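Novice: My request is simple: use the sequences and hints to build the entire structure.
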Amino acid sequence: MNDLVIQTRGLRKSYDGSPALGGIDLAVPRGSICGFLGRNGAGKTTTIKLLLKILRPDAGEICLFGNLIDSESASVAARRRIGFVTEDKQLYPYMTVGQTIRFTRSFFPGWRADLEARYLEIFRLPADKPVPKLSKGMRTQLMLLLALARGAELLILDEPTDGLDPAVTEEVLEALAGLTAAEGTSIFFSSHHLAEVEQIADRVCLIDRGQIVIDGALDDLKTEYRRILLVFAGDAPESVAALTGVDHVRTRGRTASLLAHGDIDATLDRARLLRPESVEVHPVTLKELFLEHVKGE
Amino acid sequence: MLWWKAWMETRWRMVFLMACFALLWAEGPLFGVGMAKLREAFALQYGLVWGFAATMLAGAGLNSQTIWGTSGSYHGSMLFTLSLPVARRRLFAVRAAAGAAETWVLIVASAIPLVRFLGLSWSMATLYVAGVTVCAMSAYAISALFACVTGEMWQLYGSWGALGALALSLRYAPAARFNPLRGFFVSAYAAAAPLPWRDAWIGSALVAAVCCGAAVRILERKEY
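Chains as they are written, first to last, in numbering that gives the first Met the number 0: chain P, 0 to 296; chain R, 0 to 223.
The reader is advised that the hints may include incorrect statements.
Some, not all, of what chain P presents toward chain R, calculated at C-beta under 8 Å [what the hints assert, rightly or not]:
no.	residue
1	ILE53
2	LEU54
3	ARG55
4	ARG79
5	THR85
6	ASP87
7	GLN89
8	TYR91
9	TYR93
10	PHE106
11	TRP110
12	ARG269
These aren't lab readings, by the way, just hints derived from the structure by calculation.
Just so you know, these numbers come straight off a predicted model, no measurement behind them.
Beta carbons are placed, not taken as given, at the ideal position from N, Cα and C, and that holds for glycine.
Specialist: In structure tokens, the structure reads:
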């Protein structure tokens with residue numbers, strides 16, 4: 000329990016009767032970088048808002064740093080240890096960059112002046128520039144600076160590289176990975192950019208229609224899952240869909256493409272009983288896993 | 000820094016409201032209004048502008064952060080505010096206290112030339128300013144309550160509507176005795192016989208307490 004910075008049990012949330020989260024169980028270990036993937040409207044932002052008590056759950060429990068978040072005071076204590084980047088990257092339009100930094104710094108006694116100076120330089124943010132005059136990319140950089148420099152133990156980032164050019168995206172990803180390596184900071188970030196998730200995440204959590212469909216270490220997932228291609232003499236039999244150990248099946252004419260996980264050898268043995276002409280086994284990418292799970296139903 | 004943030008959110012409103020009071024004083028030279036007429040006009044106009052000032056300076060620290068770039072009745076920076084390690088009750092308290100202090104400063108600053116112009120005694124002037132301050136707090140609290148449930152523009156429309164309803168209810172005695180708006184107008188003090196403002200003060204304190212209590216409850220439960 001104490002090794003988890005985020006843990007939820009049976010977390011449910013609905014809006015006007017429409018379920019947004021259908022009882023999710025999340026577990027993010029301390030010191031990990033967890034990519035939170037899902038389509039638009041899958042429940043990513045709702046989950047993040049629930050973690051920060053911006054929304055209240057209909058049911059379920061949230062534990063942050065091993066402490067149950069069941070009151071405003073528990074949430075305030077947890078938020079002292081959390082850095083957050085919002086999805087729309089909006090900050091106070093009546094402040095300058097410098098004023099925004101000074102304002103945020105006042106809430107975090109462990110503010111890291113060295114990190115502030117470093118990211119001001121990396122991101123080339125002018126301290127006297129008013130926030131409304133910043134581009135979306137610069138606003139994102141400023142929010143990242145505010146999240147990184149506060150000395151947080153956990154960063155919750157909602158689409159952190161949205162609006163950044165490739166060079167700055169690379170700098171940000173390096174900064175995030177470096178922070179975890181150097182300080183042991185845990186990171187929970189949502190993203191649509193699967194390549195970024197593959198680049199820095201060591202865990203992946205995939206949410207679809209308010210349900211967690213994949214949750215695990217990225218390396219384990221890549222080892223556990225395989226794409227099996229079966230080519231038959233005639234049309235692929237319908238019984239291929241009933242194979243045990245197969246998550247998703249796509250058939251097209253003579254070909255059946257299976258996404259299998261678990262004991263791949265046993266699944267192959269069962270597949271061979273269907274007498275395919277050829278059998279091929281391929282590793283899967285995160286993109287394939289994502290697409291199969293969100294488009295597969 | 001929350002106090003500073005509150006000041007940043009309201010400073011231009013303060014400037015605007017000071018300009019409104021300056022405009023009242025410009026009536027005489029600009030439109031050739033005589034002293035007697037001006038004295039009569041100020042008795043009403045000051046009350047109206049004070050009520051207007053109280054509603055403009057009120058806020059609950061979240062919905063009323065800014066009017067710029069607002070979507071779905073709130074600005075995206077609200078999520079940043081809510082992610083800070085600050086309880087919502089404190090966000091409300093600081094923003095409300097800062098706005099209330101600004102309202103008081105504005106009332107005192109604008110009342111000084113008025114009481115001199117009207118020739119009120121110091122004791123009457125003190126009573127008058129104190130009475131206006133207490134009564135302004137009811138308008139302020141109504142506006143702060145609206146700020147918890149609506150965006151910035153509807154906060155103003157809603158609170159002016161509520162004040163309009165209070166103004167209409169002035170016609171209906173005996174509840175009119177407790178109407179906070181009575182405390183805004185100098186004629187109520189000038190014609191004091193005896194202490195007609197006390198009931199208005201009680202009414203104002205009640206309205207302020209109910210509105211602030213409701214605002215805190217709403218803010219603590221509201222989802223964004």
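Novice: Can you list which hints this structure breaks, lowest number first?
Specialist: 11 and 12
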